[in-house]
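**Q** The chain contents come next:
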Amino acid sequence: MNIIQFLYNAITIAEMEARKIRHDTTELWTRLVQPALWLLIFGETFNAMRAMSTGSFSYIQFITPGILAQSVLFIAIFYGITVVWERDVGIITKLLSTPASHVSIVLGKSLAASIRGIFQAMMIFVLALILEVHIRLDPIDIAGVFAVTILFAMCFSSLSMLLASFMKTRDRMMGIGQALTMPLFFASNAIYPISAMPVWLQYISKCNPLSYVVDAMRSMLLSGSYENLPLDILILIASTVVFVSLASVTIKRLLE
Amino acid sequence: MIKIRNLTKKYESLAVVDNINLEIEKGEIFGLLGPNGAGKTTVIHMLATLLKPTSGTAIVNGYDIITEPGKVRSSIGIVFQAPSSDDMLTGYENLKIHAFLYSVPSYEREKRIQSVLELVGLADRQNDEVKKYSGGMRRRLEIARGLLHKPKVMFLDEPTLGLDPSSREMMWEYIQKLVKEEDMTFILTTHYMEEADHLCNRIGIIDQGKIIALDTPANLKKIIGGDIVKIKPKSYPNLENLKKLIYIRKIELINGEIIMYVDNARTNMPDILLHLEAEYVEFRSPDLNDVFLKLASKNLKESVEGGFMERYAQYGK
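Chains as they are written, first to last, in my numbering: chain A, 60 to 315; chain P, 0 to 316.
For reference, chain P alone in the conformation it holds in the complex (with noise of 0.2 angstroms):
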């Protein structure tokens, strides 16, 4: 559905979009995670034809995105970051004018208006201006308007971002009904690791432009290697005798407390209890939050956002 070879942008000499290539399927829901800068809304906003590229060039449903950009619009939606539609119009109107934009053919156009009104639960609502309308109802309607045209291609770009937990799952299951009767494929960006786990067949994890990891949700959370348990320990423990324990991968201690990587650790935590006394214990499984902090935090710390905190640290002494 989506070939993405070489794709490359740079301001200046910087490259915010680093030679990406990458291959979605129909009928996925991908998600594009990353630290914010890290060049997400960048390969959306060039898959979507609203920029150029420097170098490189995507397919997107069979269209090229450089040759052919008329085309690549006609057949994706897009619902953006910050909300688009124009607050002074209602939100019917909004959607008139979207139908009338991608040539939605008269005879069908209000019975799809009203029908994707009704499936994002705004139809009781669509007569009031926008602006009239919570944060949540904004995105309905953005979500709304993205699937007028019924596009094959979807890009979200933090569809859920500001939205209460439960107008969030709501969210989800339209996504996920939408790809299962619609067969429509999702690309989403999210800074929500559950959302994330919860939604999305695979994962790419990009990073100052570069995807720096790219596999199903389950995979992704492999590589942090076992369940995370944390132990404070009563007394300066003998780390020795529990690295000889063939379940625990990996050992650390950090701030007075045990932080292991360990296979299995429902059954084994009876076992490690002997080895040490212990003040309290935690443990659960990884999930995408440990995949991401391991794989970003690397780079995290001198993005824009780690080195003002760091500055602003000294700055406070």
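Bound-form chain A, shown alone (with noise of 0.2 angstroms):
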């Protein structure tokens, strides 16, 4: 299979996704909801208490890269029971029964769950202007939050399919999402600042690909400043790399 054909099945995978959020986007405006009570309760009530220290900027304008990765991670994390759904329902059978890849199919799937995270980016954007948090809205920058957001959701995505092939059902997805969100959000720099954790939780959020993705986006939205945004973008490459490749290992034991 030469390269082309396998950029362009990847692809096909992806836009059957679009289409299908273009024929029925009631799923992502809900999905809207969660971010929106973050920003809107959580951000402004701990913004007018002033209780973190988050240097020289508000708490809203600290929370709302944060806020953007979470509901992004929401999503990917999730991506799996969608996946569990179309083994049911027999499409992944069909797209495995084609003579794509397997890791064709699998950044196909984690590429349409960007296109969702790309959504969710959007209408975070929008909340901050209309909640007149101030972000950089640099042309470079933004793309620059585009591109994190894609590989965030490529990286969590394939993830959650890695362990869709061992979890096999909906339930135990459900279980396990919901056990991984949690941890991986509190333990990142998402909603405060690494160095307001204990030492213990300190070790525990550098080895969080979170809060690498936040770093990355607070330093596109808020400083400017761009020292630690190489690290940032090579860990996420790399976690990514890892996680399809595994993926499309272990993506044939869905039909087990």
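Since the hints were made in silico from the structure, they are not lab data. Treat the hints with care, as some may be off.
What the hints assert, rightly or not - When the alpha-carbon atoms are kept at most 27 angstroms apart in a straight line, the in silico DSS-like pairs for lysine-lysine are as follows:
hint	chain 1	residue 1	chain 2	residue 2
1	P	Lys209	A	Lys79
2	P	Lys70	P	Lys131
3	P	Lys70	A	Lys311
4	P	Lys209	A	Lys311
Make the complex out of the two chains shown on their own, each in a separate frame, by following the hints.
**A** Structure follows, in structure tokens:
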């Protein structure tokens, strides 16, 4: 299989998802409720209390990139449920019976999660503007945030597919998704700075890919200082490559 | 076209497919029959490289399913037991995605999509979402999808399940037309015996993972031995007299009815009736149902469903 056909297949699978979203956009809108609540209630309240020392930025500025990352994380980590459901209705079986390679199928599916992630990111930008949160609106930075969103959704949706290959049922995936999101979220710098954590949690937080994503987004949306950015993106790319490769090997287990 | 060699699939120690050997020629319509859970779908999934055999292999269209799965997948079409089209998308979109994934060249894509839609009679509904299709239309879309890349071999897993009689006959016509015009080879599973009889050149009956019979429908029916005659006698009959008649191959008394397997029942019936007084008489030629029940029924009682029904009957008491 040559590389062009490979990418073509991945994009076809992602495009299939985009078409589905276009046929029914309800899911996208309902997914907005949670981040809106975080920003409006949690963000505004803590902002008013000034309880957290977040350097030169207001608290609501501080958590906007964190909430963006969190809401994309939710989409990605539960993507395995979609895949299990698609297995149940025969779509995955059908895809696996085509000549498309398994890597291209996993890649296409993870890109599909990214499409949802991009929409989510756009909506949070809109929310931030409505709430008059001061974020940098430099086009290159915004493009960078979207690029990180795409990679991030790919990374965690392929992790989710990897888990789904072993869990095999929607109920188990629901459970494992719940069990993963909160620890990932709280053990990251999404809603408070790492320096505010107890020392043991700081170590965990440094192994958490979400911290690097939030850090990258924060540097582009708030500070404009990029010294950590190469490391953040490198870690994100490396995790994505690892999870996509592992999931391509295991995805066939879904059928057994 | 297909050579199956010692194909085996085990889950833990249970062999779902047990050392199957089989050759299917180009242009054949081969029927795989068997009770639920016999291993039919497992065989098809292994041939389509969706499942890895525990041991053994098969050559499909010249490619080995173990070492060249990609080439096997390119050269086959498969229609699954459960409909697998994406019902959020339109029929047309489903086919278009399929054309991309099978690398149907772009200059032919539209033409082929329209021609398969035409073939299965869905051209006028192509822009409706699949969730608005009836069961029969979904099945037809599946067939269209399977044909789109002009496969040499087509696997159909219960292609007419849930279709009404006229849609079913239409499906049979498509299949026969494709064999004639496109020189395709079909392997299908079915629970409808008249479908297998009507459509298949050859039939393999599979039970508990083993092929227990393999022949043309006509030859399989010979296993039964003669026409089946059922007579309700007016008084208790003297079976000894009947047993002397040479054209009666076998005779049984079941629930007060005499069941006989008779050569040429049509001409011998008057003679039989000279030997006993009958309340009513039925006779018919054997069909594949008889063959299936005769061959598979020994094991059927022990299969999951049989066991369940027996337990259920016990429970009722």
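**Q** Take the hints in turn and mark each one as holding or not.
**A** Right, here's what the structure says about each hint:
1. P:Lys209 with A:Lys79: Violated, at roughly 43 angstroms.
2. P:Lys70 with P:Lys131: At roughly 35 angstroms apart (the allowed maximum being 27 angstroms), Lys131 (chain P) and Lys70 (chain P) break the hint.
3. P:Lys70 with A:Lys311: Holds - the C-alpha atoms of Lys311 (chain A) and Lys70 (chain P) are around 18 angstroms apart, at most 27 angstroms.
4. P:Lys209 with A:Lys311: Distance of about 26 angstroms is within 27 angstroms: holds.
Checked against the numbered hints listed earlier, the structure breaks hints 1, 2; every other hint is satisfied.
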